[in-house]
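Taken in order, these protein sequences are the chains called L and R. For what it's worth, our numbering labels the leading residue of the first sequence as 11, then goes sequentially. For what it's worth, our numbering labels the leading residue of the second sequence as 11, then goes sequentially.
The set of hints was computed from the structure by calculation and includes no laboratory data. Mixed in with the good hints, there may be bad ones.
[What the hints assert, rightly or not] Short derived list, chain R residues pointing at chain L, Cβ under 10 Å: (1) W81; (2) T106; (3) G118; (4) I226.
Note that CB positions come from ideal geometry on N, CA and C, so glycine has one too.
2 protein chains.
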Amino acid sequence: MAFLPGSPDTSGIMKKIQASLLVVVVLEGVDSAQQGSRSSAAKLVPPATGKINVAFILTEGSVMIDFAGPWETFQDVMVSSRGPKMEDQHVFHPYTVSDSKNPIHTSGGMQITPDYTFEDAPEPMIVVIPAQMGDSPKMLDWIRKTAARGNVVMSVCNGVFNLAETGLLDGHPATSYHTSYQTLQHDFPKVQVERGRRWVQSTPTIFTAGGLSSGIDLALHIVELYYGRDIAQETARTMEYEGQGWLGDGSALVKYSRAQY
Amino acid sequence: MAFLPGSPDTSGIMKKIQASLLVVVVLEGVDSAQQGSRSSAAKLVPPATGKINVAFILTEGSVMIDFAGPWETFQDVMVSSRGPKMEDQHVFHPYTVSDSKNPIHTSGGMQITPDYTFEDAPEPMIVVIPAQMGDSPKMLDWIRKTAARGNVVMSVCNGVFNLAETGLLDGHPATSYHTSYQTLQHDFPKVQVERGRRWVQSTPTIFTAGGLSSGIDLALHIVELYYGRDIAQETARTMEYEGQGWLGDGSALVKYSRAQY
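Bound-form chain L, shown alone (with noise of 0.2 Å):
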């Protein structure tokens, strides 16, 4: 859990707070076998120093615990060896990316104002799309360029639609919300869609989330390839975060094999 690294300090008791989430510590341990990828992927390459910048795509709609999970997920990644500051060990910076810097309005009415535009957005490493109503021509390049760089893309639920305009998608498998496994097979033919799956890696850099809370899973799992088991263990732990759809191979537990799905 952290506050904002740099935001004022105004509360005695966010003091107290803040020492105690300092009792937590977080070891950076050896890197576990890469278990949970179907692909042969390598494991992901953190930077040596800086931050790893994470851009949440965000248009009208966009389902809150979609973005939400993963937000939280990568900001509670603590690793110990990049420094003694608090600071330094948040490795991961989420921002918000948008066609425009109006407010958008999530699922339920939240009032969300996006902190870049496709033009001006600093290049991520990573970038999450929940699922939304805006598919922009603007968005869908950016994605393209975006994962062209090598940089690594996520979808989350029907956030897979976005990814799967792109094309990005064709001849590999996907996954996505478990009503929505018919229309993305029927409006996607070339894409290989997965059912059950908590996240599906598509490419070595591409990756879609089942729905909703499995996003977390998937961030949990990102989180590993760049930085092993035991610190994505301590961020699930962090999170207090009982789901392990993140370990083995991203089967769910809860199946959606109803027929109508």
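The hints should help you fit chain R onto chain L, whose structure is shown.
Here is chain R on its own, set in the frame of chain L:
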């Protein structure tokens, strides 16, 4: 998974996605026994008509998944007996409340513009208090008054410190983020701090969750108290949420019982 009711349907793909979502048929089941509550509180009574307003208190540093988890949970609840339209079936209505309508920055820096202030917020039936930096007298007074009118109040993670500041937890059990147990007990000796819990029912209408993702479990538990086990189970299924911490008595699967906590 709900997109914004009434929001413009600008994308052809969204029509297909929304159609696929309609495949999920939610049947209101027989209320199951009220397991999980350790108090003798009556089941929560939903209104026959109209929405259940859920106010999310947000100030600077609000921790993302603390509010996003319950937000997603409440908005995903569908009660089919309420009418044929999805808008009727989505009974919970979430909105944000703060000291002012100036944008706040969540943990990690996302910019959110509050919908209401403590002066003009609609009366909620549920108040959600995530961990955050703000604890203004206005906020605390608003929590006290809202609770006094019999509405449900739930804290998530270190949001329990705000709730404890109101005095409403004096003499009652409560839980918190796992590194904050000691600080909470030290600062509020009248609170009975419980460890290793996903959630604790503090009074008939006041609840406290553990850290971060455990807010989802508490929200699901509150959904169950209103609408029974089957509706809550269907909500978890809609969310593809695999955590089991909302079932049973709120005990955590992962025990945070190290000496330092």
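(request) Would you pick out the hints that fail for this structure and give their numbers low to high? (result) Hints that this structure does not satisfy do not exist here, as all of them hold.
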